[in-house]
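Trainee: Starting from the known structure of chain L, fit chain R with the ligands onto it as the hints suggest.
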Amino acid sequence: MASNGKLTGKQRLGWTVLTVVVLLYALFPVAAILATSFKTQADLGNAAFLPSNWTWANYEMILVGDAQELFLTAFRNSIGITLIATFIAVVLATLCAYAIARLNFPGKRIILGTALAVSIFPVISVVTPLFNLWRNIGLYDTWLGLIIPYLSLTLPISIWTLAAFFRQIPWDLEQAAQVDGATQWQAFRRAIVPLAMPGVFTTAIIAFFIAWNDFVYGISLTSTEAARPVPAALAFFTGASQFEEPTGAISAAAIIVTIPVVVLVLLFQRQIVSGLTQGAVKG
Amino acid sequence: MSSITLQNLVKKYDDGFPAVNDISIDIEDGEFIILVGPSGCGKSTLLRMIVGLEDITEGDLLIGGERVNEKAPRERNLAMVFQSYALYPHLTVYENIAFPMRLTKGKFTKEEIDEKVRHAATMLELTEHLDRKPANLSGGQRQRVAMGRAIVREADAFLFDEPLSNLDAKLRGQMRAEIARLQRELNTTSVYVTHDQTEAMTLGDRVAVLKKGLLQQIASPRELYEQPANLFVAGFIGSPSMNFLPGTVEGNVFSTPLGKIEIPDRAAKAGAGREIVLAGIRPEFFDDASQLSEAQLSKGTTFTAEISHSEWMGNEQYAYVSYETDERVQDTLRNLAEEMDADELRTQLVVEVDATSRFRSGDTAELWLDTRRMHLFDPATGENLTRDAEAGAELTREAREDRKRDAERFVSRQS
Ligand SMILES: Nc1ncnc2c1ncn2[C@@H]1O[C@H](COP(=O)(O)OP(=O)(O)OP(=O)(O)O)[C@@H](O)[C@H]1O
Ligand SMILES: [Mg+2]
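In the order they appear, the protein sequences are chains L and R.
full-length UniProt numbering applies: residue 1 is where the first sequence begins, and numbers increase by one.
full-length UniProt numbering applies: residue 1 is where the second sequence begins, and numbers increase by one.
In short, the hints are calculated from the structure, not lab data.
Be aware that a few hints might be false.
Derived pair list, reagent style SDA-like, types lysine to any residue, alpha-carbon separation capped at 20 Å [stated by the list, open to error]:
(1) R/K133 to L/W160
(2) R/K110 to L/R190
(3) R/K212 to R/N8
(4) R/K212 to R/D196
(5) R/K105 to L/D172
(6) R/K404 to R/L186
(7) R/K71 to R/N8
(8) R/K260 to R/L186
(9) R/K299 to R/P283
(10) R/K71 to L/P198
(11) R/K133 to L/N104
(12) R/K105 to L/P106
(13) R/K404 to R/E394
(14) R/K105 to L/W185
(15) R/K12 to L/N104
(16) R/K71 to L/N104
(17) R/K133 to L/A26
(18) L/K108 to L/W160
(19) R/K107 to L/W171
(20) R/K116 to R/D196
(21) R/K105 to L/R190
(22) R/K133 to L/A196
(23) R/K133 to L/R190
(24) R/K133 to L/W185
Chain L extracted, bound-state conformation:
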């Protein structure tokens, strides 16, 4: 936003209104789910926003009750698969983006072009052939069977983000550090890594979100609790009897699933500050 120069009263009012509207629009569904997760079964059909009786029953059900088995294993799957996929994507993307930003080699544009093409390919058209292939080679319903397609989702965007980020790093600094008395490794460690870290963190978070939020692969390539991630598992929740909707339990699960994401953002907020490369060079 307009960070330089003071805002006039009118501008400030405008921004405030706009921010509030956007926040309301974005957070209302979350608030609704949060409220729903505290409602009792009887309360669910009730049109009121807030529960008439606050209850932990839904949380109890998925954490210690009937749905515990279903939810907790799915939660574990989600965290494991997503973290591994994110880690691999970021490591590979860092190496790749470094090469793209710093070296001149034939096929550079092809790599970037292919990455873009892969990322715009609709997931749904890949999933059926993948389903057959995975069943044939035994990757169906395994962690690896999800990690690989998740890489295809996260790698291209990671490469693009990081390459764009690395291009902005003033690589002169590496040489300056060497002249200042650093070894090549020290120069990289002390002059480049601190500047590259925010980019890597940002990319990691984006990659994590993409993998965490996936539903299509999760539901299509798993069949048991061996690898089923949370978004897919939610669809398998059942009510106490078959006439009851499991809405309350699903809401509670959705809230719990959101927590790691929020924690992650809060944790790395400081690392994501952009504009850290400013000031290295002349005005």
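Mentor: Chain R with the ligands in isolation, oriented as in the chain L frame:
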């Protein structure tokens, strides 16, 4: 502190481009050397070869008498101020300046580092900015931080790559004086790349003029100005640049498109028997004849010319005289203009006269020319035919003595 010796240095880039071609320079301990030349002539490349960021294709580089071709930058103990200042954006000004010392583990104690940083900061007037990040500093302040980082190290030599090129005129003047003072004070061998005339003339003990990777001449600013080795140096040094007037020498008469001009014996002898020569005349070699005394007039030649227009600058006045160039030298002059990064071929004589002269466009004026100071050049080779090597060497010798005296004076004032 160290001497630096370049012996027949050659740099060929991977794509085969010869950026530096057989350059030899002896830089004395404590000397301030300037590298100038048009864009792309290899100045930065040469500097980066000295500091170790660019491999040396051929030749030897000696620092303090020791061959360092294969040494890594950090083993050469040189400090460099980069064309982009290359400050570490994630570190404060303090940490930026302390950075080189932090890398030498165990050599400096915490207190020593602190003292040195603060000393440098005082010298560069950065004390109140020590806790700030480079992003929040002005261009001049960033430049000073870069300087600070260079001087705390007690490096054997300073290398500067156009450190002032992005500053505005006023700040540039200020920083120029600052750098000159600092260099004298520390008496550290320095190599300074620039394409700014003023920086070259005011800062350097000696100036090396480069063209397309070749060393054209290395001499004190005065020698370059008064006894240039060739057409390129003559045209490159000086602003406004030297006029090149084509003509033929017959006896003591030089026939030019502006008429016949009488020249001294020395020039006459140098130009004799040549089909055509170029007379190099600086704008200030001319004067308004009507303002000069008889005695003065007799030292040169007077001739009349039509003034096409004039510019009054307050402290001086430039008058322009158009003339028909000779076809035989047109190619030479066009090449020269290209090599010097000049916009176009100038077919006007620039004449500098006193501000009180009343030259208007269209006037026919009587101009006086100090023929003793003009040079004749061979248009084919560019060689200066009238160069007095002896006198030139004397000028450079004087500059060297001046520098020594400066250094001694400073030392005695210190004690
Ligand atoms: N990495 C490189 N690979 C190939 N050629 C290069 C490379 N770096 C520079 N050159 C070439 O070498 C020549 C000299 O470059 P250099 O940077 O030394 O010029 P310069 O004199 O510093 O110019 P400027 O005043 O514009 O900074 C140029 O013609 C340039 O094109
Ligand atoms: Mg340069």
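Trainee: Determine for every hint whether it applies to the structure shown.
Mentor: Hints, verified against the model:
1. R/K133 to L/W160: 29 Å, violated
2. R/K110 to L/R190: Roughly 19 Å between the alpha carbons, so the hint for R/K110 and L/R190 holds.
3. R/K212 to R/N8: Roughly 15 Å separates the two Cα atoms, so the pair holds.
4. R/K212 to R/D196: Holds: R/K212 and R/D196 sit about 17 Å apart, inside 20 Å.
5. R/K105 to L/D172: 23 Å, violated
6. R/K404 to R/L186: 13 Å, holds
7. R/K71 to R/N8: 18 Å, holds
8. R/K260 to R/L186: Answer violated: R/K260 to R/L186 is near 54 Å, above 20 Å.
9. R/K299 to R/P283: 17 Å, holds
10. R/K71 to L/P198: 34 Å, violated
11. R/K133 to L/N104: With a Cα-Cα distance of about 33 Å, the restraint between R/K133 and L/N104 is violated, given a limit of 20 Å.
12. R/K105 to L/P106: 41 Å, violated
13. R/K404 to R/E394: Given that 20 Å is the threshold and the Cα spacing comes to 15 Å, the pair holds.
14. R/K105 to L/W185: 15 Å, holds
15. R/K12 to L/N104: 18 Å, holds
16. R/K71 to L/N104: With a Cα-Cα distance of about 26 Å, the restraint between R/K71 and L/N104 is violated, given a limit of 20 Å.
17. R/K133 to L/A26: With Cα atoms ~36 Å apart, R/K133 and L/A26 exceed 20 Å; violated.
18. L/K108 to L/W160: 12 Å, holds
19. R/K107 to L/W171: 28 Å, violated
20. R/K116 to R/D196: 32 Å, violated
21. R/K105 to L/R190: 14 Å, holds
22. R/K133 to L/A196: 17 Å, holds
23. R/K133 to L/R190: 16 Å, holds
24. R/K133 to L/W185: Violated. R/K133 to L/W185 sits at ~24 Å, over the 20 Å cutoff.
Going through the hint list in order, the structure does not satisfy hints 1, 5, 8, 10, 11, 12, 16, 17, 19, 20, 24.
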